[in-house]
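In the order they appear, the protein sequences are chains A and B. Residue numbers are given in the numbering used here: position 50 of the first sequence equals residue 50, and the series is strictly consecutive. Residue numbers are given in the numbering used here: position 114 of the second sequence equals residue 1114, and the series is strictly consecutive.
A portion of the hints provided could be inaccurate.
Some chain B residues close to chain A (C-beta under 8 angstroms, calculated; not the full set) [unchecked claim]:
#: 1; residue: Glu1210
#: 2; residue: Ser1224
#: 3; residue: Glu1236
#: 4; residue: Phe1239
#: 5; residue: His1284
#: 6; residue: Asn1307
#: 7; residue: Arg1341
#: 8; residue: Tyr1358
#: 9; residue: Arg1359
#: 10; residue: Ala1360
#: 11; residue: Gln1363
#: 12; residue: Phe1364
#: 13; residue: Glu1404
It should be emphasised that the hints constitute simulated quantities derived from the structure, not laboratory data. These numbers come from a predicted model, not from an experiment. C-beta: ideal position from N, C-alpha, C; glycine also.
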Amino acid sequence: MAQTIQERRLERAQREFNAIITPEILEEAERFHKRMSYVPPEEMFKPFTM
Amino acid sequence: MPGISPQKKFIFPFSPADNRLGQSSICTYLYEYLEAIGAKTCLHESDYIDKDYLIDYSKFYSRSFEKFDKTTDRHHFFTSSFGQIKFKRALENEDKDFFKALQESYLGFIVLKPIKNILGQRLIGKTVLATYPEHHEIDIRCFLTNEHKVSLYGIPLKVKTLPFQQKDNAVGVCATVTCWSAQFPLMHMFGTPILSPVEVTERAVMCPSEDSRNFPSDDGLTLSQLKYYFNSMNLETEFINPKPTVDSPQTPCDDIIADAVRAYIELGLPIIATLNLKGTDDYHAVLITGYRHTHGKVREIYVHDDNIGPYHRIKPNRRGKFTSWKESGSNGVEKEYELQRLLIPVYPKIRLSFGKVYRAFLQFKRGTEIFVSSGTYPPDTQTELFLTDIHRYRQFLLTKKFEEKKDIVREPAARFLWVIRIHNGGIPIRDYVLDGTAIYPNKIIWDIEFQQ
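Isolated chain A (complex conformation) (with noise of 0.2 angstroms):
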């Protein structure tokens, strides 16, 4: 079936997308996520008092 004009710039914005964001970035991506947003378990509990 013919690709879409939308179709074939999409598919030409991932490729040079791709190139950028590799899949060792997007691993790394995972790793710093998980960084990023992990709250040690005693600090859940901290009360904000001030």
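Chain A is fixed; fit chain B onto it per the hints.
Frame of chain A, contents of chain B only:
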């Protein structure tokens, strides 16, 4: 007419020296703030029924042996000068021109509760005051605001701002009032309810903590209770710990706090910052409400700090980052806080988290820096990251010129979008638009190169 005493003076030229609100440090801050935004006239509305206080009264104060009033005093502020005779005459004659002029000069109001703190100072209740002006020399200020309609004896007034109030140890301290302020933009965007401080605390403490009492609530809320509170509103919460980027040798010039503030305030999401007073085991929560930037470089962050006041200015630290904050205390002693974490309540469909997209953003940022040093992009070209929705983004696209515009603006797209934008002096060069409802930052929706 309730609120207007026939004899009593109720309109005054604004003067901090009058101490009309009281003499606490928060009042001193409010006088300075009102002067900075140009207050000239103060109108005192007595016996005002403030919904938030009334609920706190009915759930807590009404069951005390000590008698408390159930009404408050509300003070309105205007940039224009007018007197009592003129105001009363305008009410008598329905002077529409005068009412219009009042609206144009309206700065908002401060509710003074009949409750006193341990020092005998009356507490500041719902405070709805205009923000600092949008422009400051070449800098631009961006704030988290919604329009708040006010009825002054039937005169329709409005102000764009984010409500603030001081902590009240009986019904809720810093974390409670931070959640209370955060409710307003969330209600405008996602239709979540507005609860009074006592109701915010009641809901949050349904998640158990190690502290013994819920009320009086001077034991404060915990991070798990803040998370529970927003989750109970059917919202998700995102946590951002700045440490991984602060400690990373790969990101010496990046300030994740400034980047996150810009990213979320663009969509209008409130950001709670949790702080640790250095050298102590004391923790504090404030709401980030805006920022000032020069061509994308964040110079100042504004916070609603219930110990200080609304739109308190935070400057970057010695390293040019917002990961630690300094404040002069009321006794002149400087306090330093370490910013521990940001908490952002988000709509569940915003599934692509900041943490995941930020790493991709940094990759584009490094690439832009290489293009700038090689001369491909002009100097001062910068990369920014922000969250938006399809409606706002399409509105923006309509104002720009780019190839295949008439096709692109008509294409279906996700409701929420992360945009990595390369711009020069605020003029967009290229946008990489990612699906904000995706799980991974690997799905591009549009890659748009703008024509200058």
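Hint by hint, here is what the structure shows:
1. Glu1210: For Glu1210/B, the interface hint holds, since the closest Cβ of chain A sits about 6 angstroms away, which is under 8 angstroms.
2. Ser1224: Holds - the Cβ of Ser1224/B comes within 8 angstroms of chain A, reaching about 4 angstroms at its closest.
3. Glu1236: Interface hint status for Glu1236/B: violated (11 angstroms vs cutoff 8 angstroms).
4. Phe1239: holds (5 angstroms)
5. His1284: Check passed: Cβ of His1284/B comes within 4 angstroms of chain A, closer than 8 angstroms.
6. Asn1307: With a closest approach of 6 angstroms, the Asn1307/B hint holds.
7. Arg1341: holds (7 angstroms)
8. Tyr1358: holds (7 angstroms)
9. Arg1359: Result: holds, 4 angstroms to nearest chain A Cβ.
10. Ala1360: holds (5 angstroms)
11. Gln1363: holds (5 angstroms)
12. Phe1364: Holds. Min distance 7 angstroms.
13. Glu1404: Result: holds, 7 angstroms to nearest chain A Cβ.
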